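All chains, please: the whole structure from these sequences, using the hints.
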Amino acid sequence: MASIDIRNLRKKFGDLEVIPGFSLHAEDREFISLLGPSGCGKSTILRIVAGLEELTSGDVVIAGRNVTALEPKDRDIAMVFQNYALYPHKSVFENLAYGLRIRKRPEDEIRKRVTEVSELLQIQQLLQRRPAQLSGGQQQRVAMGRAIMREPAAFLFDEPLSNLDAKLRNHMRVEIRQLQQRLGITTLYVTHDQVEAMTMSDRIVVLNHGMIEQIGKPLEIYETPASIFVATFIGSPAMNLVRVRTDGNALVFPSGDRLSVERQLQGDVVLGIRPERIKLSASKSENSLPFEIVLVEELGAQKIIHGRIGATEMTVAFPEDVPLPTNGASVSLPGNYLHFFDPESGKRLA
Amino acid sequence: MSGEQVYRAPLHRRLRPLYFLSPTLLILLSVTLFPLIYSLYLATHTVILTNPMLSGWSLQDNLREVFLESPEYWESFATTLILVVTVVSIEFVLGLMLAYFFYNNFTGRDFIFPFFLMPMMLTPVVVGTIWRFLFNGEFGLIAGLLKAMGVVNYSILNEPSTALVGIIIADVWQWTPFMLLLMLAGMRALPTSPFEAAQVDGASRFQIFRDIMLPMMKPVIVIAVLIRMIDAFNRTFDTIYIMTNGGPGRVTETLAVMAFRSSFEYFFMHQGAIVALSMLVIIIIMTKVLGRFMAGPRED
Ligand SMILES: Nc1ncnc2c1ncn2[C@@H]1O[C@H](COP(=O)(O)OP(=O)(O)O)[C@@H](O)[C@H]1O
Ligand SMILES: [Mg+2]
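Just so you know, the protein sequences line up as chains L and C, in that order. According to the working numbering, the residues represented by the first sequence are 30 to 379, in order. According to the working numbering, the residues represented by the second sequence are 158 to 457, in order.
Treat the hints with care, as some may be off.
[What the hints assert, rightly or not] With a straight-line cut-off of 30 angstroms between C-alpha atoms, the simulated BS3-like cross-links for lysine-lysine are:
(1) 332(L) to 313(L)
(2) 445(C) to 102(L)
(3) 141(L) to 102(L)
(4) 119(L) to 445(C)
(5) 133(L) to 196(L)
(6) 102(L) to 119(L)
(7) 141(L) to 246(L)
(8) 445(C) to 133(L)
(9) 375(C) to 445(C)
(10) 304(C) to 119(L)
(11) 41(L) to 376(L)
(12) 102(L) to 41(L)
These are calculated hints, taken from the structure and not from any lab test. The structure displayed is predicted, hence computed values, not measured ones.
See below:
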């Protein structure tokens with residue numbers, strides 16, 4: 030059982046409080062993404078778990094063992110860095126072998142393990158090369174290989190794919206996930222890319238300014254974002270957000286258009302709806318709103334339509350194979366896909 | 158651009174930069190090229206200032222005189238070799254250790270660091286004078302310490318067995334800071350993530366230093382050692398001249414000192430020139446050898 034427990038973690042750099050308080054429990058074999066914008070403290074948390082950064086207060090428990098005071102080498106973890114951090118003067122073979130060499134394992138065991146790992150990652154033919162002679166993707170594989178050599182209790186990934194081109198990134202995403210499932214190693218995965226977090230994780234931790242905005246399964250976070258921050262961070266194109274006034278059972282748009290909803294709300298609220306949930310049609314139906322198309326982006330599988338309800342900008346994702354209404358479009362916003370947030374706190378209204 | 162239409166400025170325009178550079182070029186040539194040519198002249202002729210009647214081409218005689226007829230050249234060669242290898246080794250190890258010490262953060266680091274650089278900023282003549290006084294057998298601080306331990310009136314520089322040690326100490330004192338500076342600059346320029354990766358991989362601080370940092374520093378180390386060796390080879394003149402003038406006897410007479418004494422104490426100019434030119438050849442060879450090493454034989 031290699032669970033990871035982070036308890037009441039706080040971190041200050043001088044006077045700057047980067048992590049005001051962070052707790053997380055990762056189950057054995059779980060893949061958890063730490064997702065947030067750049068500078069929100071993801072790397073700091075990961076480096077604290079690795080032991081590369083000291084914490085101000087709190088505890089890190091890995092596999093039931095409190096490792097807070099231990100050196101990285103005694104924590105039984107492996108880490109993959111954003112820039113791969115390979116040993117530049119060592120061959121791929123020696124890069125992989127170094128961890129075992131330090132542990133004074135016999136030569137034939139090292140050879141056997143390097144062979145296994147390099148076959149698993151399909152880098153057998155690269156073993157004699159140096160990092161400088163490898164492409165970005167190959168370096169990435171070697172870095173992963175080095176991480177799995179020792180069969181650690183936990184994997185820590187710090188934006189491992191962000192230096193790769195888009196195509197390779199999609200490919201490696203799948204590979205990392207498969208590898209992690211095959212090896213069954215508990216993983217913390219730091220990323221600022223919501224697609225990575227959505228596609229790879231068992232659970233996602235959405236971070237903002239070092240604080241947890243929401244923890245949940247990818248679909249939970251997509252379907253019930255806990256705050257405006259999460260709502261805009263997850264999903265592409267981003268969720269539409271409109272500040273509306275409530276009037277009984279109706280929402281009043283800035284344009285004066287009214288939309289009746291089933292819920293009783295009070296005062297001003299922020300209405301959210303995902304572009305892919307909006308229905309766009311030529312005919313005006315009951316409870317639909319007039320929609321003026323401004324710009325169409327063709328993506329192949331779908332069109333992204335930018336338009337306006339009155340003065341309110343709204344983005345709609347529209348299936349490619351359906352022809353666009355030519356004049357007088359209108360949109361309907363299905364009630365079960367509407368999200369409501371408090372305009373002051375940004376929190377989801379229960 | 159098509160081949161036929163290439164514009165070429167008229168000759169006088171193309172020579173114009175040379176015209177503007179000429180003052181600098183003239184000075185440079187007169188202080189580098191002329192002495193070199195003149196020393197070639199000296200080396201191939203008999204030039205003894207105390208006996209101006211002797212003259213004429215005598216390369217073979219000169220070479221035989223310096224390299225074969227007396228052991229002095231080879232004694233000085235050995236002294237120089239011992240001095241260079243010893244000081245550069247000690248300075249490298251100390252410089253590396255100090256650099257690692259200053260590489261890590263600790264309070265007061267930026268305050269004490271400049272003190273470690275001070276010896277390097279002094280003129281070698283001053284350094285030589287300082288150490289000559291320190292080593293002085295009657296009133297020197299070090300002799301004083303020796304006296305406290307029961308050794309009376311021992312002057313390190315006056316004893317053939319320890320004079321070179323005194324020179325080595327002074328050189329190490331002056332030039333370790335230079336190694337420190339180069340090593341520290343090299344260390345600071347290294348990416349830190351491989352060290353962190355090694356930490357996670359299970360390496361101790363010492364293992365990271367030995368297995369990761371040191372190999373990554375190889376280019377800097379080679380350059381630093383190269384510069385120091387060439388420098389120690391030809392520049393350990395001033396300090397020795399001040400401290401011992403090559404003595405007692407000839408035990409601290411390096412090639413540089415020998416070249417000087419041959420020329421300006423015994424006035425055998427041709428001998429001095431040959432010693433100096435032999436040093437030039439050795440320096441060129443050292444540069445070549447280490448330059449090739451710098452390109453780096455592949456491990457594995
Ligand atoms: N060594 C450090 N000293 C001071 N501030 C730091 C240090 N490392 C990170 N920070 C600050 O902490 C915050 C979080 O950084 P980081 O964890 O790297 O963010 P992320 O990985 O989410 O982009 C940033 O504001 C950054 O400037
Ligand atoms: Mg980061």
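Now the hints, each set against the structure:
no.: 1; hint: 332(L) to 313(L); in the structure: holds (21 angstroms)
no.: 2; hint: 445(C) to 102(L); in the structure: violated (43 angstroms)
no.: 3; hint: 141(L) to 102(L); in the structure: holds (23 angstroms)
no.: 4; hint: 119(L) to 445(C); in the structure: holds (26 angstroms)
no.: 5; hint: 133(L) to 196(L); in the structure: violated (39 angstroms)
no.: 6; hint: 102(L) to 119(L); in the structure: holds (20 angstroms)
no.: 7; hint: 141(L) to 246(L); in the structure: violated (38 angstroms)
no.: 8; hint: 445(C) to 133(L); in the structure: violated (39 angstroms)
no.: 9; hint: 375(C) to 445(C); in the structure: holds (17 angstroms)
no.: 10; hint: 304(C) to 119(L); in the structure: violated (54 angstroms)
no.: 11; hint: 41(L) to 376(L); in the structure: holds (26 angstroms)
no.: 12; hint: 102(L) to 41(L); in the structure: holds (24 angstroms)
Checked against the numbered hints above, the structure breaks hints 2, 5, 7, 8 and 10 and satisfies the rest.
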